[in-house]
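Asker: Listed here are the chains, written in short residue letters.
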Amino acid sequence: MTRRSVILDICVRAEFHTLIGVSLYLLFAGHNQPGGGFAGGLVASCAFCLLFVAGGEPEVHRVIKVPPTVFLGGGLLLAVLTGTVPLLLGDEFLESAIFSADLPLLGQVKATSVLFFDIGVYLVVLGVLLMLLEQLGTADGVDHDPVEGQRGRTT
Amino acid sequence: MPPHRHVGRLGCRRCGVPGSLVGEYIRRASREEEPPLFALLLAFVAVASILPLAARWMGPRAFYVAALPPLAACVWALSNWGSLAGGGSVEEQVEWVPALGLTLGLRLDGFGFLMVGLVAGIGVLVFVYARAYFHEGDPITGRFAATLLAFSGAMLGLVLSDNLLALFLFWELTSITSFLLIGTNDEKAAARSGALQALLITGMGGLAMLGGFILLGETAGTYSMSAILADPPSGTVVNWALVLVLIGALTKSAQAPFHSWLPNAMNAPTPVSAYLHSATMVKAGVYLVARFSPAFADAPTWRPIVVTAGITSMLIGGYRALRQFDIKLVLAYGTISQLGMMMVLFGVGTPEATFAGCTLLVAHGIFKAALFMIVGVVDHQTHTRDLRQLSGLGRRWPVVAATAGVVAASMAGLPPLLGFISKEEALYGLEQTGFAWGPWLLAGVVIGSALTVAYSARFVWGTFGPSEGHAGAAGEVVGPDAPHPGRLFVAPAALLAVLTVVFGLVPAPVDATVAHAYESLWGVGPERNLALWHGVKLALWLSVVAIGAGVALFATRIRVERLQGRMPSLPSAQGGYDHSLRGTLRGADALTGVVQNGSLPVYLGVILATVVVLPGAALIGSPISTELWLADSPLQLLIGLIMVVAAIAAARVGRRISAVVLVGAVGYGMAAMFEIQGAPDLAITQVLIETLGIVFFVLVFRHLPDRFEQRELRFSQFPRVAIAVLSAVFMFVFTLVIVGSRTEAPISSEFLERAVPEGGGNNVVNVILVDFRGFDTMGEIAVLAVAALGVAAVVRGNRRGPHDGEHDDDDDDHDSGDDGSGAAHESSQVMTGTDAGDSAEETAGPAVGQPVRDAAGDDR
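Residue numbers (this note's numbering), protein chains in the order written: chain A, 1295 to 1449; chain B, -18 to 841.
If you are wondering where the hints come from, they were derived from the structure by calculation, not from laboratory data.
The reader is advised that the hints may include incorrect statements.
Said to hold, decoys possible - Below, a sample of chain B positions facing chain A; criterion: calculated Cβ distance under 7 Å:
1. 661
2. 665
3. 742
4. 743
5. 755
6. 773
None of these values were measured; they are calculated from a predicted model.
Every residue gets a Cβ at the ideal spot worked out from N, C-alpha and C, and that includes glycine.
Let's have the full structure, built from the sequences with the hints guiding it.
Answerer: What follows is the structure, encoded as structure tokens:
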């Protein structure tokens, strides 16, 4: 990334948060309207792709400080926990429950426990993309790790 | 799986998806039906999991904590003694996977009691012994103690399981823990290869045994061992099933020709050898044979195999033991020999021999564990196990020497010890078989016993006697100034020595145990009692002959050794293992070279050709749907036209980036089609995937040349063109046929109906994804995560070498391939430039090949 386009930069910064907002909307609205964890995760992924195109890896790292494996593992863990909690309560694995509550401003809100599962999906999808960006995104042999370089070839 | 009423729940019985053992347990515990046996096994797991922590601040004293679960098991077994009389048993059922008929049926009967006594009783002593064996501050203490206790629990589960599948599970657990324990000193190549050899051989046997169990279980209609043995099936299938089961039993009990792993397992720390590789785990095979013999001994495959393997092992083991200079190996080959004798006794399948076998199980467990403990003491204090170097230890450590003398005399079968009683019983039992070949078997056992006497003497004399002028004696003499072992170190072995004397003089407790065991196997009580003196009978004379011959062998040991040295070397089991291992590796390399040659066009070609040939063949003659119309709206026609043009152009353009964009255009067209059909979810997902796909192609293409290489059509490309055209034709016809071939009502209506009341959502697609088919989705995201990690591994691995970038792969895997094609790209770069066979070896090398090669190189 030698040259950076100022226009692209500004546009991306303006758009990034909107895209994340859209992705969250898709995630939470998904149970009743088009969307869901998968689509939401993909939109968030696109947002990070834009960041990457505009500013390269440093730009992505500026926004997200933890390694992508945290998203992968966290998402999977959340999904598995969503399945396990009903098990501990004496129900079947992944049994869903429906909650509803009256919240100020939002009125009656209905949510199901699978929302957590969907959040897990969202996180995994985003994690996969961040992982790929990190791995494929670096230019030719930029981070040549000498230890890594020797492994396996010596046999 | 057709749609049915239970969609979306894991525990759905019709889907066969398993429920959870823990969940079941918690449910039962909450109803206060806590099964004590199962709780006992859980206690092993629980204590094992805290041991690494405990060892951090307790040091080797953590072994005392580890001794508690086996102690509890002992107490529990003793407290149930009363209900075992008359062939009674204590039973307990825990449903595990009902769909597979997998019940954790636990059952303690008389024979189980005998085995629990060995596993738990010797277990307690071994843990006490290990406390003295390990030094303060040894970093592996915690790991070792936890693994040893895990083994102990698995072994207990093995002898208590009534369900064959559960038995198999525990069987494999003991193999795995044995593997970990042999490899405790993992910086030693010999320990690693010994561990691997044990795992490969017993694991292979275990798989064969599983096959046998399944054949048996399916034939009998139940997997409950007690039910199968009560009403044994017969027939050709059962005969073969028994062969498979026997392979498992013989590998586990280190019987010829599978015995080569046991000597190499002696690389384990001595507590492991004393516990797993003499007293308990290697007896699992004997245990299984003992259980099956009363029901199956008359099957045509049973006796020939068990008795031949047993008597061969007994003789080979005894003969080899006489050649060893390492005192631990003397005992290891002795164990093979003694296990062979047990196999013969149980495998013959007559009541008298079984009675003798039960007695020998107890006697052997006691004296062999004690002998190994003494080897550990010697090794620990002198740092050698070479009997040519050890000298004068007898005078320096009289107590240790006396202990060793007593237990070795028990092994040799001298009166008035328990070993003598068990050998008398064995000779008597084999005398009574009534088979034509019975006398030959008896003769074989007498020779084996003579060898046992000789190697027992060799062990005691070599370890504690003076240094002798052995042929090629090497190194300095060790012993006269060896430091004294602590009392605690010797106490477990001494206790066992006392037991072997007491039980010899007063055999009543052993007699009661053996009688119960016998009764649980045969259903009736034994007609015999254990006694030191049965009068002057044939067995006594044979004993005298065996002892006399053994003493003579020992007295002329120098000549015997020379004679053994001059014998032509027979094909050894170790050689057989090495050859088959090398052959397997070479075969795997060759196969990998052919199947995974690293060329993406070939991979893609194979996949597409398979699609064309297999489902394609099924299409021939199928009617094409009659209800076809061109389009619902002119817009569809227009989009379709754009897609067709883009697809053709994608195949024609010269630049990679243009091809990807054109393929993307096809995908966006598809998304538009979805939207027109009223499927916004699909459309959104399709658009997003296409976008990300293009981004990743661009990222990958930075490593590739700008243009494809050969654009002009050559004759050599004809197969590819043919595959491409055929798969296109296939897809076209397939679509036409599939549209009209629905016979069942679509499940979508059921989903639509149930989405709101059961899933709580109006977006049916999402409800299906996260609720009705939630488990599928969980699998998919797990696959996604693994794929991402795989890409990371491949890319990172690839960075080590220069990119050569000479590709001509035209993959247009545009839909789900944003991660997959990346992985394939990178792996193909790893492969190119090297010969196919070499590259296969290279990739297999660091992961699998390395320890295996160690094993192959370690010729014994």
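Asker: Hint validation: residue 773(B) versus chain A, beta carbon distance must be below 7 Å. Holds or violated?
Answerer: 5 Å, holds
Asker: Checking hints one by one. Is residue 743(B) an interface residue toward chain A, by the C-beta closer than 7 Å rule?
Answerer: This interface hint holds because 4 Å falls under the 7 Å limit.
Asker: Closer than 7 Å between Cβ atoms is the bar; does residue 755(B) clear it against chain A? Give me holds or violated.
Answerer: 5 Å, holds
Asker: Restraint: residue 661(B) near chain A, CB-CB cut 7 Å. Satisfied or not?
Answerer: Check passed: Cβ of residue 661(B) comes within 4 Å of chain A, closer than 7 Å.
Asker: Min Cβ distance, residue 742(B) to chain A: is it shorter than 7 Å?
Answerer: 4 Å, holds
Asker: Close enough to count: is the Cβ of residue 665(B) nearer than 7 Å to one in chain A?
Answerer: With a minimum Cβ separation of about 5 Å from chain A (threshold 7 Å), the hint on residue 665(B) holds.
Hint compliance for this structure: no hint is broken.
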